[in-house]
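Going down the list, the protein sequences come from chains A and B.
Quick note on numbering: the working numbering labels position 84 of the first sequence as 84, and the sequence is numbered without any gaps.
Quick note on numbering: the working numbering labels position 406 of the second sequence as 406, and the sequence is numbered without any gaps.
Keep in mind that the hints are not guaranteed to be accurate.
Stated by the list, open to error - Among chain A residues calculated to face chain B with C-beta under 10 Å, some are: (1) 35; (2) 46; (3) 159.
Said to hold, decoys possible - Stretches of chain A that chain B covers, calculated by requiring three or more beta carbons in the stretch to come under 8 Å of a beta carbon on chain B: (4) 20-34; (5) 169-181; (6) 276-284.
Honestly, the hints are just simulated from the structure, not real lab data.
Backbone N, C-alpha and C define an ideal beta-carbon position, used for all residues, glycine too.
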Amino acid sequence: MLAKYVVRRFLASIVVVLGVTLITLVLMDRTRGTYVPGIDLNPALRPEDIARLRTNLGLDQPFYMWYLTWIWNVLHGDFGRSMIDGSPVMSHILERLPNTLELTGTAIVIGILLSIPLGIVGALRRGSKADHALTVVSVAGFAVPQFWMGLLLILVFSVTFEQHGLPWLPSSGATSPLNGGDILDRIVHLIMPATVLAFFYLSVWSRFTRSSMLEVLSQDYIRTARAKGMSERRVVYLHGLRNALIPLITLVGLELPGLVSGGLVVEVVFGWPGIGRLAFERALQYDYSTVMGVTFFATLLVVAGNLLADVLYAVLDPRIRFA
Amino acid sequence: MAQKEGDSDQQFELFEQFLKEWSRRDFLRNAGAAAAWTAFSGGVLEFLEACGGGNTTTSVTPKKGGHVIEGNFSDIRTLNSMLSSDTASNQVIGLMFDGLLNVKKNGDLIGALAQDVPKTSPDGLSYTFKLRPNLKWSDGQALTADDVIFTYALAYDPKYADVSSPRRGDLSKYIESVTAPDPQTVVIKTTQVFAPFLGSHGSYGILPKHVLGSMTPKEINTADFNTAPSVVNGAFKFVKWDKGQQVTLERNPGYWAGPSYLDQYVYKVLPDSVAVTTQLTTGEIDIGPVDPSQFDAVKIAGNVVLTEFPTPTFTFYAYNLDPAKLGGQLFGDKAVRQALLYALDRQKIVTAVYFGHGVVANGVEPPTSWAYKDKPQVIYTFDKAKAQSLLDGAGWTMGSDGIRAKGGVKLKFEMITNAGNKQRESMLTVMQQSWKDIGVDATPKLIQFPQLVSQIVSVRTFDVFLVGFNWTIDPDEAPLFHSRNTAAGGFNGADFKNPDVDKILDDAIVTLDKAKRKQLYFQFQDIMSDQVPSPIILFNTGIWGVSKRVQNADFGPFNQFGARPWMKDVWVTDGK
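Looking at chain B on its own, in the form it has when it is part of the complex (with noise of 0.2 Å):
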């Protein structure tokens, strides 16, 4: 037995030799297809208006009927939105529950539940939700404000404290109450003005007192609503659940904003992403998001559309600037921050590593925010002599080995990353390679996620650390680059502090005034641009491989996930 586990461990690296050979493979045959790309994604306004074409718009009068199987390869976990921390469980459920509010793909919110979205009072303290007139679950209930209360109480009530909610920590903190002068009215009071509020927490699946209401904190975090929600309020029902499998929904007949046209929607778990593009391929699954290695082989099928927009999703690479580490003695100089980054052809890495897919990153906030500034105070393009003459400037000076040192410091680091994940451990490579040409000798190691993530929250005795993190639709990026987050738990890894920028992001939560708070951020991204603690290497894109036959889907950079509000709009040409 012991030697046939020796077997399959081997069968493994064996599997993922082959499949790092296999994106060589596609590397060289994509390598034209991206420098054409390339050219393309230039401009990224323009980029952003084309976003979202595909197959949206069409003259054929819609068809009712039929399914649409959508695949990925992250498994759900749970159905109950209070408790759900992951997007494929999220997005699942926003077919199943909507929330007060909802997020169209450039970002706007849009009422659901509730009419509109909300008044603020003059204080700016609280936001009057009116909902639509005779909301009900599917069970025939009528859904009032007393569901959405309950909803939050799960997140923010002291009594729900044992409720294994991830939203506890924001919500408790910022929701002084939540209360219903009449039963189509909800008003959110928060203890501070706290501008994220509405985007952050405004969208959460709303759930049914009547169902849940009676549990009590631990039965909830084990009801079978999890896994089986017997009622719903969304576009479409819980059919079942084939746990490692699929998904299955229904359409909700008695949707409040009209009844789907598709029968049955499901979403089905594939091994990897190579899967999802052999299953578009076959037409096995209708919908699937596509990796960028897999783009050309996608588009080479012809039976499927592929939509490709800017997302605020990014990889960044961030320095240990703790002064008691060997990452501050090398990194606490701003110069060798910078010269790092002007060291690095992220164009190069972006085509090599992404094909294409994506945009280098000029600041620090995405080219999808409202806040986002073209030309901050600083821009780093490729130039190996500035990256030079900076360090010589700072003092590291070249050593006969090659490697650059000051004070009998030698600039030598090591970067940690997650094992497996192809695309950021070429990126170390290239990042190596390239200081290497600067005299900087840069160790990549891999490690597993866990261990990653407890150095950036935890145990930080990384030099740097290179990762992937997701921004919301608003602008705020306390979490990874305020000074309070670098107690432990929180994600400024770092150790990053900077007066200036604790006050611009403390100044810029606390005012409603879209203006004003740009502005801050215009500020913000200029002093993260000079300083560069934690460089972005590129915002990555969406890629969607979407079916011939299906119709209406409307993929943007913040509707993929969550509750797409144009998944009741989608139908199916054939009709099946």
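Isolated chain A (complex conformation) (with noise of 0.2 Å):
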């Protein structure tokens, strides 16, 4: 039941990859006009040579067959090259792919870890003081732009404390640029990123958590277990919190994808070498091959995300029952 389950979403999911690809192509053909990527305008290059390049990245042809090439290459594993910088897109992307890992991988454990008892506080002292304040910080996650935190982070913890010879936060990268890279250095660079990524899951999560942790409470069965002299303790976590989870599991499942894309805002301000910023910067210089190369590797991650969650709901709950 489930392998088939499995076999139709995956048969689903390939037509998903395709239509998300041919329209990153369309939307990047459509816009590009003449221009060929990676050229700079400067008085010594000619007409002729503007031509002879655009033909070299096989721009000359229409955006169809490009595509068509493209896929036909992907089925033989092979992802291009840069339009750029001629190198292979798969070690543009398995070089970056740690460095996004690493940050959004800290961010959803620490959103994790501090979202579901924070959530829970929420929902057992409910319209307490502790309830309001935790409503309020929530709120302004959801609220606060990233992109603004993490620049009013740099102002404080990189500038602000090194002018006051206070010990700083380097303010942009994954590590320093000299003998750096050890994990106390990597660590130092997380904190200011991971935080303001950390912050936004956690606002999204503890609401989440805090709200279906009510809706359990309110049950039969939690009435039921407290009548016949169960321990809070017990009613609470036993049986409340594993079913409040559930839900939880399908928002976690579908962030994901998040894992590998989720954090380009934040990886833009903290120039921070990762996926995000990478695909960001080549989209803009209309490197195709790239953008692509990323697209599908997202889209990919997306579609499995999605199927996990699925998967791990029916595990989880046994009400569910795949058809």
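Take the two lone chains and join them into the complex the hints point to.
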């Protein structure tokens, strides 16, 4: 039953991947005009240079030919080379991926670890000062744009701290340019970007845990559990939390592709050498092959994340069955 | 997921809005300082004299050791000198690969791998370069004329036509042959006398034949060497490139000009110009280009010395003069073009948009050029009355709606530039307001950069475009103003065709007689000042922030990028 479901979802996801990559390509192609990616205007550049470089990049052919060639190559495991720097797209992705996973993974873990307890507290002490404070914080997390919070942190913890001779945090990059790269160095660079990103997850998930918990706690089986004299602790954690967390799984599962793409704004603000920033910069430069590679990758993860969430959901909640 | 993407889009809009707000706030704060600066930058010549000041002179003995981190918001694309077309890449390449020649900060050519500027044959066709004795690659192999021949072949020899070099068009047109009578001598024979040759093509980093020589053209396009050069001939050797973060170089002990003082040099990629300021302030970077809007913020920090000098980089707007298009009807009459320029208070633009860091252009040649004519035939100072009388005289009469018209055609058009460039966006707004005052209805329109480029080089359905450009050390301006470059792919998107200008530009490149060239370019500047097909608003200044611990940085108009001949002499006072 499950296997059949997975196969069906997999087949559907091929259509999704094809659709998303095709739309991405058409959007780039329609807005590119006659621009040749990677060529800066300079007086020594001649019309014949531009024409020749366009042909070299395969941009003299219609976009559907380019797309078919791309698909054919991808089926053979070849993601092509960047139009900007000639390096393999796969090596770009693999080089950036660990950095992105480091950032988003840390943020997601911090988010989960903090949001669940906070959500529970909010639900159990509904209406209390602590609950109100949490509400304010999480609404702020929704409302405050990530770039703004990022710049604010840089201003305070890099610039101001440095000026006052306090220990300050580096304002960009994943490692120090010289003699960097050890664990401590990476953690120091990670603090600010991971905080900004985790704050967002924290806000969403703690609200969600709270409302889900409240809903579960008002269920009949909770009243039954209490009525039969079960300790409050057992009621809350065994019966309440287990059921309340099920919807959260979906939410976190949906956030899995965010492991790759979710940190875009944060990556740009903190000059983090990750996938999101790569895609953003290369989209501005019309680097077709790199953008297509990242899009393909991200789409695949979205599909896989959804699938994983659905499967987990069924495993955790016996009421759900695949049809 | 779809919703999440929507969120981040929105956040980006907010981000851009924020940046705008930010610059506005800075603008208010800087307005006073800018006024003072304007007074200072009045005399361009004195300004030139003062250029490259800052921390260049020192009586202390230089110390060996330590590092310098340079920050910039432009990422590197390739480390292969014959494939590169952007300044960021050229700059890092220049630290690892010397060319035959190099450029001093005033634009004078000097010998690099070649002992001296080459002798020219009497017919002006051949250049004979003598290489320095005992030149070595960093792996110990001898660097000979063969390497030079190989490097130039990549961009002119038909055998290498598949190498994606942006230099092929020019080089294959002008190079007849590159030969080596002996391993120490290189003779480049050109197909015709071509005055800009040495200045434009004499400084390309020479590549090692013994590493790349056995590869096919396609292999060269994608060689590992392009991202991690194993062998160099310049002041620094390649260590590593952490993509999206930094390129690290170290001293090349066998450098022909003597080893550098620095142990290491790092080129660090930053998110934007604000980050450059932040990191100059915190000391995370030692050198960085400073945006005019950030000038005061850096100055206040106190640990950084600012160097400012004029450059051949400029911002201009161009009319579509194609008679078949609307622009041709509106701007075909030079009186209209002149009127619009008189109506612009360009000094105000320099003050308001560039915080005073720029020089109003009198003509089309940059003040940094040896062919610059200080006072061309017509000089445009802000004169609204004159603008109006010129338009009246040309038959453009004011309508009841406040817009001038002639023969039923309104003086109404669109101005395009690329979205995201704050300064260009502001300039269009100023132009819109200034021209509205004289009854001209100009609407700014922001488009993406690739579309702007397409408009300039091929589509050409625009009325007016505004963009920036950068001249080389040679005064030749054919790319923008020669009629042959109105062809698709050429940069004369304005469709400016003037037989006199064509003749002057042609004559001026087929003689090596500098005095004669200068005289021709003076004529050229006079005609252009009368015709104003593409008025230049300002020439930008180059502004660099250099940490006080860094000594001997010697930035000037022509040696900011590319092979900085002064980089090997840079040292740091704390030895770190």
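Verification of the hints:
1. 35: holds (3 Å)
2. 46: Holds. Min distance 3 Å.
3. 159: holds (6 Å)
4. 20-34: It holds, with 4 qualifying residues against the three required.
5. 169-181: holds (count 8)
6. 276-284: holds (count 4)
Figure legend: structure checked against the earlier numbered hints; every hint is met.
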